[in-house]
Amino acid sequence: MVCTTSRLKMLLFSAWVSMLLGLLAGFLPVVGMEGEGGAKSSSDHTPNVEALSSLSVTNCSQLTLKLEFSTKVVEHEYIVGFTGYFSAKARSLYISSALRSAGDGTLEWHIVPRENPASDFPSDFELVHIRQASPSSLLTLEDHPYIKRVTPQRKVFRSLKYIPLAPEPAAPCIATRGTQKWQSWQSSRPFRRTSLSLGSGFWHATGRHSSRRLLRAIPRHVAQILQADVLWQMGHTGSGVKVAVFDTGLSEKHPHFKNVKERTNWTNEKTLDDGLGHGTFVAGVIASMRECQGFAPDSELHIFRVFTNNQVSYTSWFLDAFNYAILKKIDVLNLSIGGPDFMDHPFVDKVWELTANRVIMVSAIGNDGPLYGTLNNPADQMDVIGVGGIDFEDNIARFSSRGMTTWELPGGYGRVKPDIVTYGSGVRGSGMKEGCRSLSGTSVASPVVAGAVTLLASTVLNRELVNPASMKQALIASARRLPGVNMFEQGHGKLDLIRAYQILNSYRPQASLSPSYIDLTECPYMWPYCSQPIYYGGMPTIVNVTILNGMGVTGRIVDKPIWQPYLPQNGDHIDVAISYSPVLWPWAGYLAVSISVAKKAASWEGIAQGHVMVTVASPAENDSEVGGELTSTVKLPIKVKIVPTPPRSKRVLWDQYHNLRYPPGYFPRDNLRMKNDPLDWNGDHIHTNFRDMYQHLRSMGYFVEVLGAPITCFDASQYGTLLMVDSEEEYFPEEITKLRRDIDNGLSLIIFSDWYNTSVMRKVKFYDENTRQWWMPDTGGANIPALNDLISVWGMAFSDGLYEGDFTLADHDMYYASGCSIARFPEDGIVIAKNLKDQGLEVLKQETAVVEEVSILGLYQTPSDGGGRIALYGDSNCIDDSHRQKDCFWLLDALLQYTSYSMTPPSLSHSHSRVAPPTGAEHPLPQRLEGNHLYRYSKVLEAHLGDPKPRPLPACPHLSWAKPQPVNETAPSNLWKHQKLLSVDLDKVTLPNVRAYRPQVRPLSPGESGAWDIPGGIMPGRYNQEVGQTIPVFAFLGAMVVLSFFVVQLTKSKSKPKRRKPRIKRPTYLQQQQQQQQQQTSGKNPTV
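Residue numbers for the sequence shown follow the numbering used here, so the first one is 39 and each next one is one higher.
Warning: the hint list may mix true and false statements.
Simulated crosslink set (PhoX-like; lysine-lysine; CA at most 25 Å straight-line) [to be verified]:
| no. | residue 1 | residue 2 |
| --- | --- | --- |
| 1 | K366 | K291 |
| 2 | K127 | K186 |
| 3 | K713 | K598 |
| 4 | K713 | K875 |
| 5 | K638 | K883 |
| 6 | K186 | K308 |
| 7 | K186 | K679 |
| 8 | K296 | K193 |
| 9 | K673 | K688 |
| 10 | K883 | K193 |
| 11 | K987 | K977 |
| 12 | K127 | K471 |
| 13 | K977 | K924 |
| 14 | K688 | K801 |
| 15 | K688 | K638 |
| 16 | K801 | K875 |
| 17 | K471 | K673 |
| 18 | K776 | K713 |
| 19 | K598 | K1001 |
| 20 | K291 | K127 |
What the hints contain is simulated information worked out from the structure, not anything from laboratory work.
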């Protein structure tokens, strides 16, 4: 009977659990995902672009919002920048005076009126229309003592369109209907770009379709995930902080915002409303008070509408709006746009001025990942907080741009960016009119940080302590490092709002470093530094450290940085040279540390450690004593791994000096099929768009070094191969002479070239619709005429043919992408030819033709005794990460075997594709484009009457090694730890105990806005707009629990066995108890 009862109980319990799970499975999609039926939910998923309102999004297709930026120079319009702020009348007088002195009486010009809120105030620039402006008239303008710079006006286009994402077969239609419309927002200011992440399934890691992560399907607002509700419950809601949103505007009566202080329009349209939806979304992430909550609902919102509904903007609009933001004393500014043009001087200068006026600028790092070297400006500036994106599984988002910065190339090395990362995928924010929507991209991650910064600023009692440097110091010192991710992907780690609050509320002004230490042994975080040990005779390893100065907008380094090697840790085995910013402004500067191995460690292997001491001083702003200064001393620990100098055959030297990129010049892409990505802007460095090639060479045992100086500046006897890839620069005559001598003495050379055709270059100009002459491509994918000058002594040359096509070589599938052919080659060399399409004919005449036996690869052993070897290949796209379709790393391995060890690959020497070397007699060699302006951007050429001529050969870089001051103490074993800002121990800075507060909620009355009415405008914790939907579910579950209790009790009562009457059993029971007591008393054990 007991077994039957237990079995019955188990069956009833199982049935109850099954019914409960079934009901949950039916209710959870309603609770956790936006519905499709109601008006409120439809606003979440219908495109908020009026032109696209007819698109149906109720089906199962996945949509992504694709945003592209492009730009072109406005003909005849110029931005004239002044050295200070002047009235409109004074600016007009200065321009008039300067143009009169030009002596050109036919010059037609006028000042373009700018009708916006800043027109009533003094300005530091003017927009001038000059018809048929000659270079002399522009130079005359710049010669005026009050005119700083003259630059072309730029017109920015932005296009929105919805495109389907690749379907996910594992997800049933009904399960994804409410959440699949993920939208990705791409931002790239100066030219049209397409995110490499669009159209891919990079959200697979979010767990949307995993049953064991079912609760992840419930939308959680990013402010609550980052624990903003903890600070809300302490009474911090962003009050008193002015935050500016530079975007597409905001509707006047949007129900999500209660403190919109000002809306301004800087466009030529007569509206303040948002016709696109992106500006509303960004503002909602920062300051929405209901539904999809923002971080700082009580902050003062200042809306700057800088894009029209036609998605057009101008540089001058931004400059005027920036000036007005300074005038209004904005505290935090979010800029969710960007581009690679860090040499857009008016824009960059104005950003510096903004931060110098204590404006904390937060900007998106870019959506051009996963490629390295794709950072956008202004997020790549030292004084700006650059934000990358992660998904809700803490994986770096595929779209998020990667470092390093490329400002410093070719002579230096890039800085660490982004600064921090945070959630940027599937983030919910305000819809254009009401409701919520989800977007993805670093332009979404940027307002997440901007909202967090606004909230953090409101928690500090002494607001004078909050400035661009102190805020960045708190963010990066508190960031949580993501495991298995390098610093050029995650910066300092994931945003940690609570730890940042702890640091800010114990902060004292000081200096700090980013990164805070140099550990060349720590992988993967310190990639690429940790990927290759250092050795005697190698090129110095350069680490570019950013100095953040929280003491003041300007500062200086006192005396010189001090190098102190640890003697017990072999610190005297390395030499250190240090260069630094003479002035730290605004709020930041650089500290470049060059590390080399001392001669005595040429055959030594081990770890060496030391540290650099830097003292920073800033004027004391509130010091009563005239000339008073604040000082702060910081320590930069250094740890390196040293190995014996590798053999010459294993050492490869990468020529960085002769690679040019945008900006400043128009250098076109190497693959002409990439029409939506026309510029070569990734730096052409082994740690940016040639990263995979570098990793492959390291895995093959080669040591790769970078030459950032002319060919005359390295010892060729130390290297087996000089590797030249995609070279756009000219060559000094002295370089050509030295290279010939070096190859005669045993150095080998590998060249990966690219296309060069003057007719195609003119066509590319026409295709890009650039009306200004300086936008004419100054080279092709590579500078073929310059390369031909370099290799002509051996009877070699490239042609101006332009070819593409698929083929097989040595059993490897290959793709030739916009490459050239070999026009001349020595008769005793090895030449490989393939049948390819004439891409030049296709570009020029839209005709298709196949050319047989196009010479693409050549191998040659120089005749001198002990001479080196030369290998030529006409296309670099197969080793370039930018648009590589099929890699040819195997070919690079074969060429290095040939050049370093004189081992001719049999697969090439005996190939059926081997042909007789071409003589080049039938076609003339390519000539330089007539009238090109390469000299404007070249390190080799300078302007001259007639054709440009080479500059004088510059001196080789000379490093001044710091005098060591050894210390006899033990170095720390682990250099990674959070920065201790003035010895603040985060464990001791505790949060106060806050009583959990749950607000009362009620349904809306007819006529109220489509959101729950929250007391105080805030919903702490996880109480959001889903509360109204979850209340019936919890009521139902409660009823089910009560019902199950009664069922179990009823079952128990029915299953109990019938007992005999108690009056019969009771006396027997009492007799047994008495007998047991008697036995215990007598000391006898009872028998059983």
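Status of each hint after checking the structure:
About 23 Å separates the Cα atoms of K366 and K291, which keeps this hinted pair within 25 Å; it holds. Between K127 and K186 the alpha-carbon distance is near 18 Å, which keeps this suggested pair within the 25 Å criterion. This hinted pair does not check out: K713 and K598 have alpha carbons roughly 50 Å apart, beyond 25 Å. Between K713 and K875 the CA atoms are separated by roughly 18 Å; this keeps the pair inside 25 Å, and the hint holds.
This hinted pair does not check out: K638 and K883 have alpha carbons roughly 64 Å apart, beyond 25 Å. Taking the CA atoms of K186 and K308, the gap is near 32 Å; set against the 25 Å cutoff, the hint is violated. Proximity of K186 to K679 is assessed by CA-CA distance (about 48 Å); at most 25 Å being required, the pair is judged violated. Among the hinted pairs, K296 with K193 is inconsistent with the structure: their alpha-carbon atoms are about 34 Å apart, more than 25 Å.
Simply put, K673 and K688 have alpha-carbon atoms about 36 Å apart, too far for the 25 Å limit, and the pair is violated. With a C-alpha separation of about 30 Å, the suggested pair K883 and K193 falls outside the 25 Å cut-off, and the hint is violated. This hinted pair checks out: K987 and K977 have alpha carbons roughly 11 Å apart, not beyond 25 Å. Distance check on the hinted pair: K127 and K471 sit about 42 Å apart at the alpha-carbon level, beyond 25 Å; violated.
Proposed proximity of K977 and K924 is contradicted: the alpha carbons are some 33 Å apart, above 25 Å. The hinted pair formed by K688 and K801 fails the criterion: a straight-line CA distance of about 43 Å is larger than 25 Å. Annotation: proposed proximity of K688 to K638 holds, straight-line Cα distance about 22 Å (limit 25 Å). A threshold of 25 Å between alpha carbons decides the hint, and for K801 with K875 the separation of about 19 Å falls inside it, so the pair holds.
Pair hint K471 plus K673 does not hold up; C-alpha atoms about 52 Å apart against a cutoff of 25 Å. Note on K776 and K713: the hinted pairing is violated, with a Cα-Cα distance of about 39 Å set against a maximum of 25 Å. At most 25 Å may separate the alpha-carbon atoms for a hinted pair to count; K598 and K1001 meet this at roughly 11 Å. Distance restraint check for K291 and K127: the Cα-Cα separation of roughly 39 Å exceeds the 25 Å cut-off, and the hinted pair is therefore not satisfied.
Hint check: violations occur at hints 3, 5, 6, 7, 8, 9, 10, 12, 13, 14, 17, 18 and 20; the rest are consistent with the structure.
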